[in-house]
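Top line first, the protein sequences correspond to chains C and L. Heads up, my numbering is the position in the first sequence plus 948, with the first residue counted as 1. Heads up, my numbering is the position in the second sequence plus 436, with the first residue counted as 1.
These are computed hints drawn from the structure, not numbers from a lab. Mixed in with the good hints there might be a few duds.
Sample of chain C residues facing chain L (criterion: CB under 8 Å; computed from the structure) [said to hold, decoys possible]:
no., residue
1, V962
2, P1131
3, H1183
4, Q1186
On a predicted model such as this, the values are computed, not experimentally measured, just so you know. Cβ atoms here follow ideal geometry from the backbone N, Cα and C, with glycine treated the same way.
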Amino acid sequence: MDIVVPIKFVPDLVEELEIDASGAALDRTFLRLIPNEQDDHALEQALLLKERHGGTVTVLTLDTGDVDETLFTAVAKGADRVIKITGDFAGLNNHAIASLLHPVLQNLSFDLILTGTQAVDDLDGSLGTLLAARLDLPYVGYITGVMPADGNVVVRKEYPGGLIAEMAIRLPAVLGIQAAEKPPRYVVTSLVMQAMKTARIEEIEAGQADSRGAAGVARMFRPEAAAHAEMIEGHPDQVADALVALLKERGLLS
Amino acid sequence: MSTSMYDTILETTPRGERIKLCIQCGMCSGICPHGFVMEYPPRLLIAALRADDVAPVFESETLWLCMSCFACSQVCPAQIPLTSGLLARLKAEMLLRGKVPAELQSALENTRRYGNPLGESPRKRAAWAMGLTTPVPIMAQLKETVDVLWFVGDYASYHPRVQSVSKAMARIFQALGVRFGILGPEENSDGDVQCLAGERGLFELLAQKNGRTLSKYRFKEIVTTDPHTYNVFKNEYPTVGFSFPVKHYTQFLAERLTQLKPLLRHEQKYRVTYHDPCTLGRANHNDVYEEPRQLLQAIPGLEFVEMPHNRANTICCGGGGGGNWLDGFTWERAHTRTSEWRVKEALGSGAQILAVACPYDMPRFEDAVKSTGQEKELIVKDIAELLTDAIFD
């Protein structure tokens, strides 16, 4: 099975996020970008499928800066091809990213596209659905398992409330991975360094981005507290009495 | 004919040929604090290698029970490099096979991404120094030669409890009039625990980053509160081409005892015992045993008592060699913590304060004091904190 994994770089929440002067976007001056965590699961699922059933894994990303190490790490883990799309991409939404990935994907032969089911900066829908729409392929998200069956695949999809469905999907298809069947593997630094010396990153120049269809952001702001917690202060005995009175008032104690 | 794993290990472990000298005496396995729960303690590891039957070793998770405490290396009569040699080399094989407990994996991934195993922002590496009345100079802003390049380290930079030890250290440097500077955001993890956990490539990456950064600045010596920094700069950085003079802060201060002593004005009427960090003492025969004791005994009013396990015979806190990120893994198998044994021993010595000199000791022993329900009986303090109490309070 030939699999393509598009990896999206998203803001790292380890750093504090700031809103820029426009008030409708993140300030990108000190923004650190890291690969979307669920895309790492998509890559792991792709590698597991390759190891079990053969085929190839191609990793694709927009060159949003400092992406090479992630691509070489993918090679060290077992990816066959790594491609970066070059251009100027600061702050693109998913519609625009899908429009840039689309022509590149059309020139690749694949059975499956695995994406992370969601990312922290999905403001306009998930990337997988947008890619599937552009490529006119079936899409299923929230996947936690993929098994080949009679030339197609059977996937496990998670539903709220602890339900899991198994469904058969015709290939080629786009899947949104919620979690790989195993946690993403560790690859030692020496193998990443070796990949840096021996592997080649293919570069493709980006076409024109098209963000039509995406909802615009009017205002970006930190969550505003609607109600505050009531702090009961005083001597522990008084606090305990007040707490008991409150619980009785709400009918939680008789 | 393919080379056996035994031959490979002999060839690719530093001083690995000494492994041939093993007579299977079992001293290593006997002294190993986790020997009772390891399926393959060091003696059996060597036996398995010789029998060309290592697959079960890699199948078992035995190697991750090693906390790199160097007890086996200390007692081996043939002086086989066990902890930083054989064990680290076999842990590297585990990593290559993708067999690594999740906690440790994320610590290694964090180190690669952020330069520290805690996954904290590298930009905030010097944030601990905010709010100190006298600022802590950062080398990039300081255009002059300093006496001391203070390599702060990961836990001392980011762990909330250990940050107060760093603040105490800053006040001691200032009280002694030492010209010092820190690297701040330019500092990366020293790489000691990653190296001992088998991630040699990651260690080399970190050593090159730190080595290049340090080479830009002029200083007389590196001083650190972290025995792991001391150990790795002294014993491993030279192997990748960086040799810097380095001292643990207890050595640096013991050298200045005549200057320090008159500053220790406030009596500290406590009974205090001292825990020898493995990495400062028996690891690679670093043998820093007396300086910490000299400092404690210089504090007026302080009564110093020894625990039965002291100096080279210390009990590991369990935090080294990646052990800090294997606590859950180890607990599931051993159902005990060496840090808890140590805390009980400290109480048995009659001490009110357990003095430490390693950033891993602080959280590990404070946790052990709590998990054994003895918060009221024993306080854990770094020697640097006890010194500042005596200087300023």
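Each hint tested on the structure:
1. V962: Where the cut-off is 8 Å and the nearest Cβ of chain L is about 5 Å from V962(C), the hint holds.
2. P1131: holds, 6 Å
3. H1183: Where the cut-off is 8 Å and the nearest Cβ of chain L is about 22 Å from H1183(C), the hint is violated.
4. Q1186: violated, 26 Å
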